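*Asks:* Spelled out from the first residue to the last, the chains are:
There are 2 protein chains.
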Amino acid sequence: MDEKLKKALADIVGKENVTDATIDLVSYSSDFSEHEHRPEGAIWPTTTEQVSRIMQLAHKERIPVTPRGAGTGATGMALPKVGGLVMDLVRMNRILDIRIEDRLAIVQPGVVYADLQRALEPQGFFFPPDPASGKVSTLGGNVATNAGGLKGAKYGTTRDYVLGLELVLPDGRITRTGSRCMKSASGYELTRLFVGSEGTLGIATEITLKINPRPLASSTGLAAFGKQGDAGDAVSEIMHSGIIPSVCEFLDRHIITILIERAGLDLPRCDAMILVETDGYTQGEADFQMEKIIAVFKNHHAQEIKKASTADEAEALWQGRKSLGSVILGLPFDCLVEDITVPMSKLTDLLEGIEEISAKYGIEIMNLGHAGDGNLHPHFLYNEADEAQAARVQKAVADVFALACDLGGTLTGEHGIGLSKAPFMGLEHDPVALDLMWSFKRLLDPHNILNPGKMGFP
Amino acid sequence: MDEKLKKALADIVGKENVTDATIDLVSYSSDFSEHEHRPEGAIWPTTTEQVSRIMQLAHKERIPVTPRGAGTGATGMALPKVGGLVMDLVRMNRILDIRIEDRLAIVQPGVVYADLQRALEPQGFFFPPDPASGKVSTLGGNVATNAGGLKGAKYGTTRDYVLGLELVLPDGRITRTGSRCMKSASGYELTRLFVGSEGTLGIATEITLKINPRPLASSTGLAAFGKQGDAGDAVSEIMHSGIIPSVCEFLDRHIITILIERAGLDLPRCDAMILVETDGYTQGEADFQMEKIIAVFKNHHAQEIKKASTADEAEALWQGRKSLGSVILGLPFDCLVEDITVPMSKLTDLLEGIEEISAKYGIEIMNLGHAGDGNLHPHFLYNEADEAQAARVQKAVADVFALACDLGGTLTGEHGIGLSKAPFMGLEHDPVALDLMWSFKRLLDPHNILNPGKMGFP
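Line by line, the protein sequences are chains A and B. First residue of the first sequence: 22, per the working numbering; consecutive thereafter. First residue of the second sequence: 22, per the working numbering; consecutive thereafter.
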């Protein structure tokens, strides 16, 4: 890094909080995606004022700045595409306030999702989005990505819970959006525009979240289907059954086979499996919903149905889904995870289309997903060293994106656009919508210094 | 209206769908607010293409256009502040699709809220926001205002349910935002920026709404308090009790007195009353929550607690709240209804502050509101013909706004800014946030032709 710049940054955050040591730059070059981009420096601010002064300097000197949380993003959104600085926000990690009577938690962006959950638990409350990365990912990253999770069908995603933000804009100005009230109809809704903007419009330095009382009871069930189509139809019919499961996970036969063969789990060999959870304040409420779901499973020719009667039995049913991450990491091939979403009734069409794409390119694709909100995670298995195969994976991924959009779906349910899906924005959004997005970016960040190169902007 | 313009508009929508007849202009001069502004003409488009062509013409000829639904807005947002055209969207009133398996309803903006509700009911679904004006107000108006209602505490407001929009921008361009999926993390969230923008950024010509399965059971209860502070404390503690009531209405002693004396209702004479409803799929779930709430009422010295055991008893408890609108309309004075929201724990402070303001200006202020989400509707009683008194009301209203903002609240929970609260935007939003809002407006509507003069913009 240029010595003058390094000095100027050290003046803001202290010498010990700015680095251009190779080891730091290398570790900031990657995240949970397949991309790699090395920054010229990294900086750890601890206050809003420091973030503001850094952005004032960056704005004046035209230095690209890429904000970063825990680096668990799956699309490269925290990687410095064009170099410049990585701004690591994990040291701004204080839970500032929990106000149960106002249903609010006020946090800094570096607070880890699970730490907030732990702080809320003794009070009987929780923050519902439940991203799979929650043990390590930061709330700032969750906000930037609009992170979702297993409970999206019933509880929505991060955006549904962000009431207000303190933001530093690309030119260093500080502002507050939204409020600490449960509802407001005052002026333009800036808060939710910034949520999911992937750190391209501003840096959230304080986040006000709505929290929920935790349900006291739940019920878990599992159904194995001989035909994948039956499972897809069952998901559609669950929607008709007048209840909303808190979790509704879909696993295809590839995943099930891997769980049986590699993790040694005692699962029925079948074409597809659905794992559901219902919840409520009373056991009767959770059971009532589970009965509705089990009736749907029976209607759709489930070959085996299990219902947990105890917490241990529920845990056993969950074991497969929960061990998936580590099982997949242990597979002797590379695995690219995608994240499309379609209207729930299109799930069967999507799965059939993916099967065709798999055959067309000779690439194995395993599917699991949050069927309750139509969010599917196809896993593309390949060998990265085999360039021809890797190239076929890229084509298969592009076909899957096109298929999802053709079915009225979206490129991403919860992982964001980042670098990975940037080239595909035109598949989903019309030119006027893209022009609006890009106009907002230009308006707020005329020099294109805040997380440039993401979301498909020029 | 200028004959050339009238001809150009008739070419777009047909002669019978454009008017400058005095009787039409007079009826479009007012809404549910105290404001009055007469347009030069009114137009009834029936297709998106017509809306687009009207806006292209308006953009080119710099003609102000004010979109309008049923005219039930309480802040004047559908009134043509600077003249020009009123665009009445009530003839675009088709429910285009209801897709239960995808939890979606797709509607045109002129569909009346209650008509959608009626269409969903046989399928066991509902659209939760429940605005008090729902029998007449249009979904386009609900979207423009981000309308809320009695069930906000548990179910949120309109914005929480809008997944996608077809929009005509101020220059006539047509775009689609959002998607028909339950969730998305793709690009900037334009949809929810347009929701609540009061028709100043674009005209929604098609609305995709998330719908919910209807709860099958409910429980209703009522508590009378000898001290208003006890009622406020009870609301705070309900938040701690680990459940969320579907309705939690607050009524103060002025309202109660009026209901007893003018509507002849059999209510306990008391300082404050709370009316609650809980719901669920099972009666046990609704009852479990009601028991928690009743325990809170007892803890806070409720002098009388009633719980409905039958639907008729519940209806009797609701009678007071439901008849309020017509009782207030029948009062022998004018009544200005406000709509502030504070964090729930500040409700008592807010009520005490309003009492002081009432005494300071010698203006009677009655309070009722959706306590479960901190939304209070102070009713200012006065005689419009008494200019000195009317002027004092204006000052009292301004003081109430300042008080709400001081308590960390917002100017409006569900009625919007419109003309009424335009001068007060600076009380709530900082200059940077206001600058952002105004920049967005300028970006999309450089000639300031779409609903100009609202939201406090220059």
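I should point out that these hints are in silico values taken from the structure, not numbers from a laboratory. Some clues are possibly wrong.
Identical chains blur together in the list; that is why a pair holds if it fits in one copy or across any two.
What the hints assert, rightly or not - Cross-link-like lysine-lysine pairs, in silico, DSBU-like; alpha carbons within 35 Å at most:
(1) 328 / 343
(2) 156 / 327
(3) 231 / 416
(4) 28 / 102
(5) 327 / 28
(6) 319 / 231
(7) 36 / 416
(8) 175 / 25
(9) 25 / 381
(10) 231 / 248
(11) 81 / 416
(12) 25 / 102
(13) 248 / 25
These numbers were taken from a predicted model, which means no experiment stands behind them.
*Asks:* For every hint, state whether the structure bears it out.
*Replies:* Each hint, compared with the structure:
no. : hint      : verdict
1   : 328 / 343 : within (17 Å within a copy, 44 Å between copies)
2   : 156 / 327 : within (29 Å within a copy, 46 Å between copies)
3   : 231 / 416 : between (41 Å within a copy, 33 Å between copies)
4   : 28 / 102  : within (24 Å within a copy, 54 Å between copies)
5   : 327 / 28  : neither (64 Å within a copy, 70 Å between copies)
6   : 319 / 231 : between (38 Å within a copy, 27 Å between copies)
7   : 36 / 416  : neither (46 Å within a copy, 54 Å between copies)
8   : 175 / 25  : neither (52 Å within a copy, 54 Å between copies)
9   : 25 / 381  : neither (55 Å within a copy, 60 Å between copies)
10  : 231 / 248 : between (41 Å within a copy, 29 Å between copies)
11  : 81 / 416  : neither (41 Å within a copy, 45 Å between copies)
12  : 25 / 102  : within (23 Å within a copy, 55 Å between copies)
13  : 248 / 25  : neither (65 Å within a copy, 66 Å between copies)
The structure is inconsistent with the numbered hints 5, 7, 8, 9, 11, 13, although it conforms to all the rest.
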